[in-house]
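Just so you know, the protein sequences line up as chains A and B, in that order. Whatever position you read off the first sequence (first residue = 1), add 63 for this note's numbering. Whatever position you read off the second sequence (first residue = 1), add 143 for this note's numbering.
If you are wondering where the hints come from, they were derived from the structure by calculation, not from laboratory data. Some clues are possibly wrong.
[Stated by the list, open to error] A short, non-exhaustive set of chain A residues, derived as facing chain B with CB atoms under 8 Å:
#1 117
#2 120
#3 124
#4 127
#5 144
#6 145
[Unchecked claim] Not close to chain B: a few residues of chain A, all C-beta gaps over 12 Å, as computed:
#7 83
#8 110
#9 167
This structure is a prediction, so every number in the text was calculated from the model and none was measured. Here a beta-carbon is modelled for each residue, glycine too, at the ideal position from N, C-alpha and C.
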Amino acid sequence: MSPKEAKLEPQSLTKHFNEALILSALRKGAKHGYQLALDIEERSGGRFGFKHGTLYPILHKLEKDGLIEGTWSDEGQRGKRKRYQLTRDGKRYLRDLGESWTSLLNHFGEMIGEEES
Amino acid sequence: MSRFAQLLSAADARLTVPEPARSRILLEIAADMEGLHREYLDRGFSEADADASVVDHFDLSEDALRELVRVHDTPLQRSLENLSGHIRGTWSRLLMVVLALFVTVGSASLLFKGQLYRDASGLVWVLMPILAMGLVIAGNQVRRLAGAGDGWGPSRQSGLGRLLGLAVLIVAVAVAGLWVELYLSALRVRAVPGETLIHLIGWLYMASATLVIALSGALALGFLWFFLESRVRHQELTAAANLLEGIS
Chain A
64 MSPKEAKLEP QSLTKHFNEA LILSALRKGA KHGYQLALDI EERSGGRFGF
114 KHGTLYPILH KLEKDGLIEG TWSDEGQRGK RKRYQLTRDG KRYLRDLGES
164 WTSLLNHFGE MIGEEES
Chain B
144 MSRFAQLLSA ADARLTVPEP ARSRILLEIA ADMEGLHREY LDRGFSEADA
194 DASVVDHFDL SEDALRELVR VHDTPLQRSL ENLSGHIRGT WSRLLMVVLA
244 LFVTVGSASL LFKGQLYRDA SGLVWVLMPI LAMGLVIAGN QVRRLAGAGD
294 GWGPSRQSGL GRLLGLAVLI VAVAVAGLWV ELYLSALRVR AVPGETLIHL
344 IGWLYMASAT LVIALSGALA LGFLWFFLES RVRHQELTAA ANLLEGIS
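So here's chain A without its partners, still in its complex pose:
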């Protein structure tokens, strides 16, 4: 399977936005699903909140695309849990996605900030 390309399609901006949030939350190490949602909410100062229920389809899709890897581990008293971590393709995809978002937002900012001549 060829690595997924980070191309922002106008009709899927929400999807790419969610992907970027999740992948960036995994940059510092493996996390459980619920930790991802908490991390995103905290890092964004409460601006971006995930209902945990909506997290799983995105996580499973990213896992299927090979951008993240989910592994189950026994955490003793806390039981068996699934943790996700970025794969090499995922790190590359996140870097490309970051550049695409920066370029898009800069362009968007310039467009809406243009003064009428």
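Chain A is fixed; fit chain B onto it per the hints.
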């Protein structure tokens, strides 16, 4: 039983993805719910507030369920579910065991004859490492299953799909090799037309011996997949049922 069994049961009823994905999704959600609950308690929430916050955060919307179905309900997974679903009944499993024994005994009586390997294509020695790889994967899975008792961990499932892949690879390599051997035989016939029958019969010996070895190896890996998959599935379903215990 999970403290969130009611919510999990509702998700279970609406989640129309094939097994074992369904059980795994439920178990993942259940584990995360417990994790988040503990997190809220650590942050000073009361038990009731922690419960309510978790239930609020884990509400699975119709959109989310639809997306999960889109990710997990592929034709391949559906057919694998049907295939392994057929071996869940006692009689079906008994039939599989009898069939496995029959094939094993039948193959073994041939496989232990040195003549078979002398007649077979040299390609057989390419198939052996593939078969060995499959046996190592199966051995690891058996070890993990035996070591964990009736506990559950979906990571034990990882690698089982590769057994089927290796079984298919063995047959594919053998069949491809036979075509190459047929071509080589044809070249010999062209060089010495008077020996056509000798080369043709030689190829038939070689082809049948190679196929016996390749198909025996592929069947062995196929049976191992059936039994291991069945065992893992049983554990996952049991674990999912335990979570929902007491909820009708």
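Here is how each hint holds up against the structure:
Interface hint at residue 117 of chain A: satisfied, since its Cβ lies 5 Å from the closest Cβ of chain B, which is below the 8 Å cut-off. Annotation: interface hint on residue 120 of chain A holds; nearest CB of chain B at approximately 3 Å, less than 8 Å. Satisfaction of the interface hint for residue 124 of chain A is found here, the shortest Cβ-Cβ separation to chain B being roughly 5 Å, below the 8 Å cut-off. Restraint check, residue 127 of chain A versus chain B: the minimum CB separation of about 6 Å is within 8 Å; hint holds.
Because the smallest distance between the Cβ of residue 144 of chain A and any Cβ of chain B comes to about 5 Å, under 8 Å, the interface hint for this residue holds. Using the Cβ-Cβ criterion of 8 Å, the hint placing residue 145 of chain A at the interface with chain B is satisfied: the shortest such distance is roughly 5 Å. With a cut of 12 Å on Cβ distances, residue 83 of chain A stays outside the contact zone with chain B, its closest approach being about 17 Å. At roughly 17 Å from the closest C-beta of chain B, the C-beta of residue 110 of chain A stays outside 12 Å, upholding its exclusion from the interface.
No beta-carbon of chain B comes within 12 Å of the beta-carbon of residue 167 of chain A; the shortest separation is about 24 Å.
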